[in-house]
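**Q** Model the full structure from these sequences, guided by the hints.
Chains R and Y supply the protein sequences, listed in that same order. Quick note on numbering that gives the first Met the number 0: the first sequence kicks off at 0 and runs consecutively. Quick note on numbering that gives the first Met the number 0: the second sequence kicks off at 0 and runs consecutively.
Mixed in with the good hints there might be a few duds.
Claimed, not checked - The calculated lysine-lysine pairs, modelled on DSSO-like cross-linking and capped at a C-alpha distance of 30 Å, are:
#  : chain 1 : residue 1 : chain 2 : residue 2
1  : Y       : 1         : R       : 76
2  : Y       : 52        : R       : 83
3  : Y       : 49        : R       : 76
4  : Y       : 46        : R       : 200
5  : R       : 76        : Y       : 64
6  : Y       : 46        : R       : 63
7  : Y       : 64        : R       : 83
8  : Y       : 42        : Y       : 67
9  : R       : 129       : Y       : 34
10 : Y       : 46        : R       : 59
11 : Y       : 1         : R       : 107
12 : R       : 63        : Y       : 42
13 : R       : 206       : R       : 159
No wet-lab data here; the hints were simulated from the structure. Note that the coordinates shown come from a computational prediction; the quantities given were computed from them, not determined experimentally.
Here are the chains, one letter per residue:
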Amino acid sequence: MMEFVEKRGKSVDEAIKAALDELGVEFEDVEVEVLEEPSKGILGVLGKKSALVRVSVREKPEEKIKETLVAILDSMKLEYRIEKVEYEQGMVRINIVGNDMGLLIGRKGETLNSLQFLLGLIANRGREDKIRVVLDVEDYRLKREESLRSLAIKLSNKVKQTRKSVVMRPMSPQERRIVHTVLQNDPNIVTFSQGEEPNRKVVISLKR
Amino acid sequence: MKDLVELIAKSLVDNPDAVEVTQIEGEKSVIVELKVAPEDMGKVIGKQGKIAKSIRALAKAAAAKEGKRVVVEIIR
Numbered sequence: 000m001m002e003f004v005e006k007r008g009k010s011v012d013e014a015i016k017a018a019l020d021e022l023g024v025e026f027e028d029v030e031v032e033v034l035e036e037p038s039k040g041i042l043g044v045l046g047k048k049s050a051l052v053r054v055s056v057r058e059k060p061e062e063k064i065k066e067t068l069v070a071i072l073d074s075m076k077l078e079y080r081i082e083k084v085e086y087e088q089g090m091v092r093i094n095i096v097g098n099d100m101g102l103l104i105g106r107k108g109e110t111l112n113s114l115q116f117l118l119g120l121i122a123n124r125g126r127e128d129k130i131r132v133v134l135d136v137e138d139y140r141l142k143r144e145e146s147l148r149s150l151a152i153k154l155s156n157k158v159k160q161t162r163k164s165v166v167m168r169p170m171s172p173q174e175r176r177i178v179h180t181v182l183q184n185d186p187n188i189v190t191f192s193q194g195e196e197p198n199r200k201v202v203i204s205l206k207r
Numbered sequence: 000m001k002d003l004v005e006l007i008a009k010s011l012v013d014n015p016d017a018v019e020v021t022q023i024e025g026e027k028s029v030i031v032e033l034k035v036a037p038e039d040m041g042k043v044i045g046k047q048g049k050i051a052k053s054i055r056a057l058a059k060a061a062a063a064k065e066g067k068r069v070v071v072e073i074i075r
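**A** Here it is in structure tokens:
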């Protein structure tokens, strides 16, 4: 159930402010319904009416995602702890730690990627502004991102020396994106992807 | 295993009440049968079976925790 309050005020703004104060939340976290518009009345005396608003607290997307994640991990009977949940710029990042993390990551990260994919689907059901869900385990992804970045730079140097393009191994869209991003500002290099999923590969090439 | 598959399926479909999961337990393996409303089939299979593959990957990890193998079948 959504938590809500109804408040009166001289203006709609004032009524909303009173409601936000009572709920202890920010304007971004609520939905507002104006139940009665204020009216000044005749000569400011007769028929003067205050504004009435209903302010409901929206469930925060990261809270909803965390609840779903907890339910899934519990039913897998894993030993884990959710260490961090961050939400900014349409992206929710969650880091999980614990004893069963090898199992949760799976071969080549297959299990972790599956869980991330499913959570993303569940989180975005019926949403217009899509949220990206990124799951990490003991900063496994963060470390892989770092090694992928340094590999991309190393390969781009090789391309410049040999003047020949390099085709990388097949990678997930997230991984390809990291390579594109790290090399996008290099004036001598272009990157693009070729092939079909799941064998899509990044090509690092000399800019002509 | 049943709980896991049921939870995920119910979170994905439009008709959660139509989700039925049965579990057939063997000594070293588990068979999980998932049934959803016909119009929800796409929601648990996905493009090129990507969703089904993900559900199977999670079930596999949960089964490994119990030292078992699992087969997830989506049935009509």
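**Q** All the hints need checking, so say for each whether the structure fits it.
**A** Tested hints:
The hinted pair formed by residue 1/Y and residue 76/R meets the criterion: a straight-line CA distance of about 12 Å does not exceed 30 Å. A C-alpha spacing of about 27 Å is found between residue 52/Y and residue 83/R, which places the hinted pair at or below 30 Å, so the restraint holds. Distance check on the hinted pair: residue 49/Y and residue 76/R sit about 24 Å apart at the alpha-carbon level, within 30 Å; holds. With a C-alpha separation of about 20 Å, the suggested pair residue 46/Y and residue 200/R falls inside the 30 Å cut-off, and the hint holds.
Of the pairs offered as hints, the one joining residue 76/R and residue 64/Y holds, with about 8 Å between alpha carbons and a cut-off of 30 Å not exceeded. Straight-line distance between C-alpha atoms of residue 46/Y and residue 63/R comes to about 25 Å, which keeps the hinted pair within the 30 Å bound. As the CA atoms of residue 64/Y and residue 83/R are separated by approximately 24 Å, the hinted pair is consistent with the 30 Å bound. Between residue 42/Y and residue 67/Y, the direct Cα distance comes to roughly 27 Å. Compliance with the 30 Å bound is thereby established for this hinted pair.
For the hint pairing residue 129/R with residue 34/Y, the CA-to-CA distance comes to about 28 Å; that is within 30 Å, so the pair holds. Restraint check: the Cα-Cα separation between residue 46/Y and residue 59/R comes to about 29 Å, which is no more than 30 Å; the hinted pair holds. About 25 Å separates the Cα atoms of residue 1/Y and residue 107/R, which keeps this hinted pair within 30 Å; it holds. With a CA separation close to 20 Å, the supplied pair residue 63/R and residue 42/Y stays within the 30 Å bound.
Between residue 206/R and residue 159/R, the direct Cα distance comes to roughly 10 Å. Compliance with the 30 Å bound is thereby established for this hinted pair.
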